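Taken in sequence, the protein lines are chains A and B. For what it's worth, numbering that gives the first Met the number 0 labels the leading residue of the first sequence as 0, then goes sequentially. For what it's worth, numbering that gives the first Met the number 0 labels the leading residue of the second sequence as 0, then goes sequentially.
Source of the hints: derived by calculation from the structure; they are not laboratory data. Values in this document were obtained by computation on a predicted structure and should not be read as measured data. There may be inaccurate statements among the hints.
Treat identical chains as interchangeable: a pair holds within one or across any two.
[Stated by the list, open to error] Within a straight-line C-alpha distance of at most 25 Å, the following computed BS3-like cross-link-like pairs (lysine-lysine) qualify:
#1 LYS396 / LYS207
#2 LYS396 / LYS360
#3 LYS289 / LYS257
Protein chains: 2
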Amino acid sequence: MKKITGGVTAPKGFTAAGIHCGIRNNQTKKDLALLYSEVPCNAAAVYTQNKVYGAPITVTKANIADGMAQAMICNSGNANTCNADGVEKAEMMCEMTAKALGISPKDIIVASTGVIGMTLNIEPIASGIPKLAPILSKEGHADAVEAIMTTDTKPKEEAYEIEIGGKTVSIGAMAKGSGMIHPNMATMLGFLTTDCAITTPMLQKALKLAVDDTFNMVSVDGDTSTNDMVSIMANGLAENPVIDSEGADFDAFLLVVKEICTSMAKKIAGDGEGATKLVECSVHHAPDTKLAKAISKSIITSSLTKAAMFGADANWGRILCAIGYTEGDFAVDTISVTISSPKGEILVCEKGAGVPFDEDKAKEILLQEEIHIDVDMQQGDGEATAWGCDLTYDYVKINGDYRT
Amino acid sequence: MKKITGGVTAPKGFTAAGIHCGIRNNQTKKDLALLYSEVPCNAAAVYTQNKVYGAPITVTKANIADGMAQAMICNSGNANTCNADGVEKAEMMCEMTAKALGISPKDIIVASTGVIGMTLNIEPIASGIPKLAPILSKEGHADAVEAIMTTDTKPKEEAYEIEIGGKTVSIGAMAKGSGMIHPNMATMLGFLTTDCAITTPMLQKALKLAVDDTFNMVSVDGDTSTNDMVSIMANGLAENPVIDSEGADFDAFLLVVKEICTSMAKKIAGDGEGATKLVECSVHHAPDTKLAKAISKSIITSSLTKAAMFGADANWGRILCAIGYTEGDFAVDTISVTISSPKGEILVCEKGAGVPFDEDKAKEILLQEEIHIDVDMQQGDGEATAWGCDLTYDYVKINGDYRT
Numbered sequence: 000m001k002k003i004t005g006g007v008t009a010p011k012g013f014t015a016a017g018i019h020c021g022i023r024n025n026q027t028k029k030d031l032a033l034l035y036s037e038v039p040c041n042a043a044a045v046y047t048q049n050k051v052y053g054a055p056i057t058v059t060k061a062n063i064a065d066g067m068a069q070a071m072i073c074n075s076g077n078a079n080t081c082n083a084d085g086v087e088k089a090e091m092m093c094e095m096t097a098k099a100l101g102i103s104p105k106d107i108i109v110a111s112t113g114v115i116g117m118t119l120n121i122e123p124i125a126s127g128i129p130k131l132a133p134i135l136s137k138e139g140h141a142d143a144v145e146a147i148m149t150t151d152t153k154p155k156e157e158a159y160e161i162e163i164g165g166k167t168v169s170i171g172a173m174a175k176g177s178g179m180i181h182p183n184m185a186t187m188l189g190f191l192t193t194d195c196a197i198t199t200p201m202l203q204k205a206l207k208l209a210v211d212d213t214f215n216m217v218s219v220d221g222d223t224s225t226n227d228m229v230s231i232m233a234n235g236l237a238e239n240p241v242i243d244s245e246g247a248d249f250d251a252f253l254l255v256v257k258e259i260c261t262s263m264a265k266k267i268a269g270d271g272e273g274a275t276k277l278v279e280c281s282v283h284h285a286p287d288t289k290l291a292k293a294i295s296k297s298i299i300t301s302s303l304t305k306a307a308m309f310g311a312d313a314n315w316g317r318i319l320c321a322i323g324y325t326e327g328d329f330a331v332d333t334i335s336v337t338i339s340s341p342k343g344e345i346l347v348c349e350k351g352a353g354v355p356f357d358e359d360k361a362k363e364i365l366l367q368e369e370i371h372i373d374v375d376m377q378q379g380d381g382e383a384t385a386w387g388c389d390l391t392y393d394y395v396k397i398n399g400d401y402r403t
Numbered sequence: 000m001k002k003i004t005g006g007v008t009a010p011k012g013f014t015a016a017g018i019h020c021g022i023r024n025n026q027t028k029k030d031l032a033l034l035y036s037e038v039p040c041n042a043a044a045v046y047t048q049n050k051v052y053g054a055p056i057t058v059t060k061a062n063i064a065d066g067m068a069q070a071m072i073c074n075s076g077n078a079n080t081c082n083a084d085g086v087e088k089a090e091m092m093c094e095m096t097a098k099a100l101g102i103s104p105k106d107i108i109v110a111s112t113g114v115i116g117m118t119l120n121i122e123p124i125a126s127g128i129p130k131l132a133p134i135l136s137k138e139g140h141a142d143a144v145e146a147i148m149t150t151d152t153k154p155k156e157e158a159y160e161i162e163i164g165g166k167t168v169s170i171g172a173m174a175k176g177s178g179m180i181h182p183n184m185a186t187m188l189g190f191l192t193t194d195c196a197i198t199t200p201m202l203q204k205a206l207k208l209a210v211d212d213t214f215n216m217v218s219v220d221g222d223t224s225t226n227d228m229v230s231i232m233a234n235g236l237a238e239n240p241v242i243d244s245e246g247a248d249f250d251a252f253l254l255v256v257k258e259i260c261t262s263m264a265k266k267i268a269g270d271g272e273g274a275t276k277l278v279e280c281s282v283h284h285a286p287d288t289k290l291a292k293a294i295s296k297s298i299i300t301s302s303l304t305k306a307a308m309f310g311a312d313a314n315w316g317r318i319l320c321a322i323g324y325t326e327g328d329f330a331v332d333t334i335s336v337t338i339s340s341p342k343g344e345i346l347v348c349e350k351g352a353g354v355p356f357d358e359d360k361a362k363e364i365l366l367q368e369e370i371h372i373d374v375d376m377q378q379g380d381g382e383a384t385a386w387g388c389d390l391t392y393d394y395v396k397i398n399g400d401y402r403t
């Protein structure tokens, strides 16, 4: 597996573009992204579990029910959620995009992120789409990833190359976070592209498996957004033998999908609203994987643990507390907790009780930008990792400010 | 039902005291409380569901297994949790208290609140208890309630009088919050006293029913503490006909227990760490009570909703989002949301979608110290109310500061 440049346009046949069309008032912020494959793609997606969900989710689900897509249109600045005319507007976005590209509206993935409950102004999108189509390019990935950002402070993209069946297969991704976002809420979005030849069912399987261990293990503030979606389009231009069942090729493909999703997940967590640091929590030797996942997520979601991370405080009692209130059947008196960063590692709790440790050393470790919390339960072979961030003044500021 | 003064010593036969014994360095902060009944009491308690729980919980559970207690000793400043010698120390506290009062150590309720994972220094408690016993008095409730406070900014106590079986029955309570507390975590504690004559099973039943609708409907930060406990002691001195089954007398008693627990719950929520306002959320016409409870708690626990309350932002999308990610089976397209305070009320969402409203009026409503969110689901007769507070810079400050 080799990291390459190019983001979502790294795989053969994909082009992208991003512009400011006018949904946002700030003319320096791009707000409309287009992603296109020169040939039809097998497509798969996973969606938010929130019962309140955006109109673009309704429309995308319908459009890729046949397992196919060829383009993706995404605006930022308005989530098109909780609007009476939301589905109609999302369908209009597909029709406009299809017309500009000369393809079917049913082959479009549509996404929106931004304010909810505010009617989507279709005018800027209607005038923007015809401008986007002619400027689609291999270099456009950088503009596209900018256009899907909301409170993100950094663009999030990545690409990898692997060998499958003697052919070089590429996979690219772009994503956005970063919490439910000012002013109302928004969305975690991930768009993956690949030139791998793979059937839709296997594509869906790979995406689901990867997302469960990556995007679904991220929490910025415990609030499940209404518009979350991760999609993948596979156009087959790598000409590898089609992956149509499990086996070595599928495993290789899954590995790279997981790798790119892990990278996106970490970028989203580390760029959480107001965050000053990424917190990675791994649970080892849990009774089973499900509990390992639940416990690692419980820790990175705990407001008190997050505030302690902000304060660089090795406050292991809060970690143990968050373990203790996780639902499930497990013992606490075998648990040890280690905290580490590039500055070193330190054992803070053993057999469920505190051990003496050097507070100055702990503080030095916790002042870094990427912190690891390792929990060893010594009760089985369940393993999981979750990613979060610290809780800061800026989180409160970003989310407490009056909408303007 | 009549509100009276006197807190936990309002009922006949109860006395209390509180002093600074030296667990805390700050000599102006009382840190040891004693509560005593001149005759043995029927006793009941409910405890944290966290699998990591304090040694005092272990000891109290054992002591009141026979349904009896006569005194309560509580220190603040150290939670005596996650300590290898915790149970031993908690038992020592009971023995010392019993000796000072001339009763059995098995008739003591013991509680601790403060730092976890730090060995409890028994010396100040050993020297404090013999000082406390001689100064027990009717006026002592005010010192006792101060002594159990940690980051609480206000003492929390209340007392009521009712008629049961032709006799005047009193009930008193003191409680503390207010989140899991600096520097590690702490505890929600509630201590109720009554001179009502009631059997232990009926006392336990009344407490459980009341706590489920009150203390258990409070969330300051979603973190379930390790030391939470609510206890009640009933000494029978009111000489009412003993309540030994359900009926009119039990209903009257339950009503006043619920009232006093509601009052304590609201005081704890409103005095949550860093809070500037109390947020009360009522869900009406839910499919059932369980869902009504889950949804109201989901709303008051949502970090984004809490931050919006801090910013006086009528950000109903976050409320709908928190409803949507509540587990359970319900529709969202019939839901309306109203926000109110002493400054008025305003409908912000109807049939699951936004309605136009006056933002200035909404802001005026939300700038008050007590905010009500009413959610009408129009799907059944489930009703519930939960209490929380806003998420503020001070919450982050209190919990992010390095332990000193």
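Each hint, compared with the structure:
In this assembly of identical chains, LYS396 and LYS207 lie within 25 Å of each other by CA distance neither inside one copy nor across copies; the values are 35 Å within and 39 Å between. Only between protomers do LYS396 and LYS360 lie at most 25 Å apart by alpha-carbon distance; the minimum there is 22 Å, versus 31 Å within a single protomer. Proximity of LYS289 and LYS257 under a CA criterion of 25 Å is satisfied intra-copy only: 18 Å inside one chain copy versus 38 Å between copies.
In summary, the one numbered hint that this structure violates is 1.
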